[in-house]
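These protein sequence lines are chains A and B, in that order. First residue of the first sequence: 1, per the working numbering; consecutive thereafter. First residue of the second sequence: 249, per the working numbering; consecutive thereafter.
These aren't lab readings, by the way, just hints derived from the structure by calculation. Note that this is a predicted model, so its numbers are computed, not measured. Any given hint could be a false lead.
For lysine-lysine, the following DSS-like pairs were computed, each having C-alpha atoms within a straight-line distance of at most 27 Å [as the list claims (entries may be wrong)]:
1) Lys289/B with Lys194/A
2) Lys324/B with Lys223/A
3) Lys289/B with Lys32/A
4) Lys386/B with Lys192/A
5) Lys388/B with Lys32/A
6) Lys597/B with Lys177/A
7) Lys512/B with Lys392/B
8) Lys196/A with Lys512/B
9) Lys186/A with Lys388/B
10) Lys324/B with Lys177/A
11) Lys32/A with Lys52/A
12) Lys548/B with Lys144/A
13) Lys192/A with Lys289/B
14) Lys324/B with Lys186/A
15) Lys392/B with Lys223/A
16) Lys289/B with Lys68/A
17) Lys495/B with Lys86/A
18) Lys324/B with Lys192/A
19) Lys392/B with Lys192/A
20) Lys186/A with Lys386/B
21) Lys388/B with Lys495/B
22) Lys29/A with Lys392/B
23) Lys98/A with Lys86/A
24) Lys542/B with Lys177/A
25) Lys392/B with Lys186/A
26) Lys512/B with Lys16/A
27) Lys16/A with Lys289/B
28) Lys512/B with Lys223/A
29) Lys16/A with Lys548/B
30) Lys419/B with Lys459/B
31) Lys196/A with Lys324/B
Which bits of chain B does chain A cover? Going by a derived footprint, with three or more residues having C-beta under 8 Å, they are [stated by the list, open to error]:
32) 710-723
33) 828-840
Positions of the beta carbon are idealized from the N, C-alpha and C atoms, including for glycine.
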Amino acid sequence: MNILVGISQVPDTATKIAIGADGTSIDTKGVKFIVNPYDEFALEEGLRLREKHGGTVTAVSVGGESAKEVLRTALAMQVDKAILVKSEVNGDSFAVAKQLADVAKEIAADIVLFGRQSVDYDSFQVPPMVAELLDIPSITMISKLDIVGTSVTAERDIEGGKETISASLPCVVSAQKGLNEPRYPKLPDIMKAKSKPIEERPASTIAARTQVIGLDLPLAKGKGTILGDTDADITELLKLLHEEAKVI
Amino acid sequence: MKGTIMTAETEVSIPKGGMFLIEQALPEAIFTPEDFSDELKMIGQTTENFVENEIVPIIPRLEKLEAGLSEDLLRKLGEMGLLGIEIAEEYGGIDLPKTASMLVAEKLAPSGGFSTTFGAHQSIGSLPIVYFGNPEQKAKYLPKLATAEIIGAYALTEPNAGSDALSGTTKATLSADGKHYILEGTKMWITNAGFANLFTVFAKVDGAKEKFSAFLVERDWEGVSTGAEEHKMGIKSSSTRMVMFDKVKVPVENLLGEVGQGPKIAFNILNTGRFKLGAGALGGAKAALGIAAKYSLERKQFGQTISNFGMMQEKLAEIALRCFAVESVVYRTAGLIDDAIGEETDGFKRLKCIEEYAVECSVIKVLGSEILDFAVDEGVQIHGGYGFSAEYAIERAYRDSRIQRLYEGTNEINRMLIPGMLLKRAIKGDLPLLPAAQRISREVLDPSLDASADDGLLGEEMSVVNNLKKIVLMLSGAAAMKFGPKLDHEQEVLARIADIIMLTYASESAILRTRKIAANGGETALHANMVRVYVHDAAEKAATLAREAVCRFVEGDDLTVYLSTLRRLTKHAPVNTVALRRTIAKAVLEANGYPLHY
Ligand SMILES: Cc1cc2nc3c(=O)[nH]c(=O)nc-3n(C[C@H](O)[C@H](O)[C@H](O)COP(=O)(O)OP(=O)(O)OC[C@H]3O[C@@H](n4cnc5c(N)ncnc54)[C@H](O)[C@@H]3O)c2cc1C
Numbered sequence: 001m002n003i004l005v006g007i008s009q010v011p012d013t014a015t016k017i018a019i020g021a022d023g024t025s026i027d028t029k030g031v032k033f034i035v036n037p038y039d040e041f042a043l044e045e046g047l048r049l050r051e052k053h054g055g056t057v058t059a060v061s062v063g064g065e066s067a068k069e070v071l072r073t074a075l076a077m078q079v080d081k082a083i084l085v086k087s088e089v090n091g092d093s094f095a096v097a098k099q100l101a102d103v104a105k106e107i108a109a110d111i112v113l114f115g116r117q118s119v120d121y122d123s124f125q126v127p128p129m130v131a132e133l134l135d136i137p138s139i140t141m142i143s144k145l146d147i148v149g150t151s152v153t154a155e156r157d158i159e160g161g162k163e164t165i166s167a168s169l170p171c172v173v174s175a176q177k178g179l180n181e182p183r184y185p186k187l188p189d190i191m192k193a194k195s196k197p198i199e200e201r202p203a204s205t206i207a208a209r210t211q212v213i214g215l216d217l218p219l220a221k222g223k224g225t226i227l228g229d230t231d232a233d234i235t236e237l238l239k240l241l242h243e244e245a246k247v248i
Numbered sequence: 249m250k251g252t253i254m255t256a257e258t259e260v261s262i263p264k265g266g267m268f269l270i271e272q273a274l275p276e277a278i279f280t281p282e283d284f285s286d287e288l289k290m291i292g293q294t295t296e297n298f299v300e301n302e303i304v305p306i307i308p309r310l311e312k313l314e315a316g317l318s319e320d321l322l323r324k325l326g327e328m329g330l331l332g333i334e335i336a337e338e339y340g341g342i343d344l345p346k347t348a349s350m351l352v353a354e355k356l357a358p359s360g361g362f363s364t365t366f367g368a369h370q371s372i373g374s375l376p377i378v379y380f381g382n383p384e385q386k387a388k389y390l391p392k393l394a395t396a397e398i399i400g401a402y403a404l405t406e407p408n409a410g411s412d413a414l415s416g417t418t419k420a421t422l423s424a425d426g427k428h429y430i431l432e433g434t435k436m437w438i439t440n441a442g443f444a445n446l447f448t449v450f451a452k453v454d455g456a457k458e459k460f461s462a463f464l465v466e467r468d469w470e471g472v473s474t475g476a477e478e479h480k481m482g483i484k485s486s487s488t489r490m491v492m493f494d495k496v497k498v499p500v501e502n503l504l505g506e507v508g509q510g511p512k513i514a515f516n517i518l519n520t521g522r523f524k525l526g527a528g529a530l531g532g533a534k535a536a537l538g539i540a541a542k543y544s545l546e547r548k549q550f551g552q553t554i555s556n557f558g559m560m561q562e563k564l565a566e567i568a569l570r571c572f573a574v575e576s577v578v579y580r581t582a583g584l585i586d587d588a589i590g591e592e593t594d595g596f597k598r599l600k601c602i603e604e605y606a607v608e609c610s611v612i613k614v615l616g617s618e619i620l621d622f623a624v625d626e627g628v629q630i631h632g633g634y635g636f637s638a639e640y641a642i643e644r645a646y647r648d649s650r651i652q653r654l655y656e657g658t659n660e661i662n663r664m665l666i667p668g669m670l671l672k673r674a675i676k677g678d679l680p681l682l683p684a685a686q687r688i689s690r691e692v693l694d695p696s697l698d699a700s701a702d703d704g705l706l707g708e709e710m711s712v713v714n715n716l717k718k719i720v721l722m723l724s725g726a727a728a729m730k731f732g733p734k735l736d737h738e739q740e741v742l743a744r745i746a747d748i749i750m751l752t753y754a755s756e757s758a759i760l761r762t763r764k765i766a767a768n769g770g771e772t773a774l775h776a777n778m779v780r781v782y783v784h785d786a787a788e789k790a791a792t793l794a795r796e797a798v799c800r801f802v803e804g805d806d807l808t809v810y811l812s813t814l815r816r817l818t819k820h821a822p823v824n825t826v827a828l829r830r831t832i833a834k835a836v837l838e839a840n841g842y843p844l845h846y
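One chain only, chain A, in its complex shape (with noise of 0.2 Å):
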């Protein structure tokens, strides 16, 4: 089985995020980077389907050269090729997707597994997207994954409930927590990762579809305020939902 996962490098999450200059983009000076939390999912299952089916795994990032951290992290947990679409500019989901597109077809990858979204952009898209380029099926958000020859069985948690769905490889998947329990690397394989490979290419130029005009953090949280429930509290909330918070 030709096994392709998409992982990419996004800030720690403990990290307070400061904007950048630009304002469009967030300030990486001093920024810790990590392997994005539910790619580790998608590499795990990615090399779980290995160890049942047999094939290969190929880990792929869209980065600069730092993303090659990740790709190490994958190298270590055992992957057997490590490939880096070196691209400095950030692009966006449509652009990361037709790079990740191109890379699934030329190895003729079997099923595509990435991570449910990337926890610095959240924009959720990469995965279809690239299925869609790919015009195969795509399963988001599962948390449990079957194939048998090549029929594929995913669950999917929804509020209240899961959905089951069917689908025949080759398709997309992007893992939800809960899908497996990531493997740690072993320290031995940590050590032989830095002598393997990473084979780079140059991203293809694709124009972005779209544009970031403008990064905001949150907020300050206000202060609050708690009304008791007699009769005059709620005649205080309504007027304090018309004229201070002014939603009603």
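Go by the hints and put chain B with the ligand onto chain A.
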């Protein structure tokens, strides 16, 4: 000047242990966290993730000493290769540089008492065999220790032999047929005793002092038993018990090293434990800073978060900048040790390389454990009454930290070791301390010879450091002259010298690290601010310490000369430490904790 360590095949040129007092290293020659390789970072990150996901959530269960839990965690770490980090490949390990074991120790710290469990197994429980085992002993035990199929422990202390560890009464008598040693005695405070399978036990053959020796004793052997779990103040998740040996038949093959080698084994193993202990304490201090910073951002009083208050900020800044200094010391020393070891694979020769930096290892142990206690104490203070509640993580951190100043040599014992070892090395001719002291005494008398000015980045601070070195040399020389062989009885003076040595090494390491970052084009505004405050306070503390020491043994006109010299040597431009600490605090609050990462 460079010292050399001769090894059989190679001659490596490296700075000698203690050399920092005599000579200023070049920034590019010191190792810093910024020099970590990608693999090392990945090892650190993997350990951090494991601790966060697998250990921290079960700390309440670990604290109840739930059966099998610690052993399971050790086995998982074994599978990841973390237990074999100092074991040779042929025995199932991966044998990484000491920097890696220090980083792992640092990253394990937030797991609380479990890091003691880990250290007792991986460090003092396994290393006696790594360094002193014969090939049969290594083959028999190391592969199993590397996977935690068996768990190790180190049994040196006895009810009546603590700091004076060699005074123990545990006895080993060779059996009539010469096949066994019969072991009798009681060991106290033995970490991992509840479940360890293998103990390195120290005992005197025939009860003779000069035959103090180490034995590998399996738990299953007849006559080995343990007492009840100790009720401890902290690190409750670690198992600590007495271990009793009642006529235990230890096969002669299980003598470790030779009869009489016990002291060498005991002290070398404690020394290799110390640098990891210091690194672990640093990790604990950073974790406490993170907890305290986050709390201060949430807790509101007087209509604002307490993080807005100057006195809260000052505490956060002070923890952070002391962490920066200790971190610079920890990894500078790691680099020295790894450089000295180089490609050496022979265990004894490696130990020699580590022993070379025994002074630095003691410095790390004391500085690390004391910054940790400072951090958790201020951490509780920042939490107010909530810090006194077991519901909050800082409360456990406060209790857990206290042990670090006690074991692996109390901080008093390590304070004695620092000047003691330096003087011994000087007398043996291993360290040119005496010529340096003579040079200094001339310089001190004739200020025109003074060469302490430094115009590099943080030059003002570096000249303070240069002067602190002079104070150390001056005080040690004068005290040695005055007291001669009775210097040992002047612990108060020696401890003060030790403190100034520590402040010196920490200050210099932090400056050199900052210079190295700057030379490599890095941003150093925050680093430099931390250094400025640290060195300023170091100079103030050193001035007081030196004055107290001098007043002990100099009188009359001589005292006047000494005091004015000390004044000159500790003089420094005033620094607005309040403003600097506020800036540092801002960085801490923005980062939700320690503001640097690697
Ligand atoms: C939780 C825990 C785990 C431990 N784990 C282990 C283990 O796994 N294996 C093991 O072998 N041991 C272990 N120990 C023992 C530990 O190393 C000793 O407790 C320590 O060495 C101090 O010895 P002591 O408690 O007898 O104190 P003492 O030696 O009685 O010291 C009491 C005080 O006197 C001071 N003092 C002693 N001598 C001097 C001196 N010459 N000059 C100045 N001051 C002096 C000390 O600094 C201290 O302040 C552990 C202890 C604890 C509490």
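Going through the hints against the structure:
The hinted pair formed by Lys289/B and Lys194/A meets the criterion: a straight-line CA distance of about 12 Å does not exceed 27 Å. Proximity of Lys324/B to Lys223/A is assessed by CA-CA distance (about 47 Å); at most 27 Å being required, the pair is judged violated. As the CA atoms of Lys289/B and Lys32/A are separated by approximately 11 Å, the hinted pair is consistent with the 27 Å bound. Between the alpha carbons of Lys386/B and Lys192/A the distance comes to roughly 25 Å, so the proposed pair stays at or under 27 Å and holds.
About 43 Å separates the Cα atoms of Lys388/B and Lys32/A, which puts this hinted pair outside 27 Å; it is violated. For the given pair, Lys597/B sits about 49 Å from Lys177/A by alpha-carbon distance, which is inconsistent with the 27 Å threshold. Of the pairs offered as hints, the one joining Lys512/B and Lys392/B holds, with about 25 Å between alpha carbons and a cut-off of 27 Å not exceeded. Straight-line distance between C-alpha atoms of Lys196/A and Lys512/B comes to about 42 Å, which puts the hinted pair past the 27 Å bound.
For the hint linking Lys186/A to Lys388/B, the alpha-carbon distance of about 24 Å falls within 27 Å, and the restraint holds. Straight-line distance between C-alpha atoms of Lys324/B and Lys177/A comes to about 22 Å, which keeps the hinted pair within the 27 Å bound. With a C-alpha separation of about 35 Å, the suggested pairing of Lys32/A with Lys52/A is violated against the 27 Å cut-off. Simply put, Lys548/B and Lys144/A have alpha-carbon atoms about 43 Å apart, too far for the 27 Å limit, and the pair is violated.
For the proposed pair Lys192/A and Lys289/B, the alpha carbon gap of about 14 Å is at most 27 Å, so the pair holds. Proximity of Lys324/B to Lys186/A is assessed by CA-CA distance (about 10 Å); at most 27 Å being required, the pair is judged to hold. Under the criterion of a C-alpha separation no larger than 27 Å, the hint pairing Lys392/B with Lys223/A is inconsistent with the structure, at around 59 Å. Between Lys289/B and Lys68/A the alpha-carbon distance is near 13 Å, which keeps this suggested pair within the 27 Å criterion.
For the given pair, Lys495/B sits about 69 Å from Lys86/A by alpha-carbon distance, which is inconsistent with the 27 Å threshold. Distance check on the hinted pair: Lys324/B and Lys192/A sit about 20 Å apart at the alpha-carbon level, within 27 Å; holds. For the suggested pair Lys392/B and Lys192/A, the alpha carbons sit about 23 Å apart, so the restraint of at most 27 Å is met. For the hint linking Lys186/A to Lys386/B, the alpha-carbon distance of about 23 Å falls within 27 Å, and the restraint holds.
This hinted pair checks out: Lys388/B and Lys495/B have alpha carbons roughly 24 Å apart, not beyond 27 Å. Taking the CA atoms of Lys29/A and Lys392/B, the gap is about 45 Å. The hint is violated against a cut of 27 Å. A threshold of 27 Å between alpha carbons decides the hint, and for Lys98/A with Lys86/A the separation of about 13 Å falls inside it, so the pair holds. Restraint check: the Cα-Cα separation between Lys542/B and Lys177/A comes to about 26 Å, which is no more than 27 Å; the hinted pair holds.
The hinted pair formed by Lys392/B and Lys186/A meets the criterion: a straight-line CA distance of about 17 Å does not exceed 27 Å. The suggested pairing of Lys512/B with Lys16/A is violated, with an alpha-carbon distance near 49 Å, which exceeds 27 Å. Of the pairs offered as hints, the one joining Lys16/A and Lys289/B holds, with about 21 Å between alpha carbons and a cut-off of 27 Å not exceeded. The straight-line distance between the Cα atoms of Lys512/B and Lys223/A is roughly 65 Å, outside the 27 Å bound, and the hint therefore fails.
Restraint check for Lys16/A and Lys548/B: satisfied, since their Cα atoms lie roughly 20 Å apart, inside the 27 Å limit. A distance of roughly 10 Å separates the Cα atoms of Lys419/B and Lys459/B; the hinted pair therefore holds under the 27 Å criterion. Taking the CA atoms of Lys196/A and Lys324/B, the gap is about 26 Å. The hint holds against a cut of 27 Å. Counting residues of the segment 710-723 of chain B whose C-beta sits closer than 8 Å to any C-beta of chain A gives 0, which falls short of three, so the coverage hint is violated.
With 3 residues bearing a CB less than 8 Å from a CB of chain A, the segment 828-840 of chain B meets the requirement of three and the coverage assertion stands.
Checked against the numbered hints given earlier, this structure breaks hints 2, 5, 6, 8, 11, 12, 15, 17, 22, 26, 28 and 32; the rest are met.
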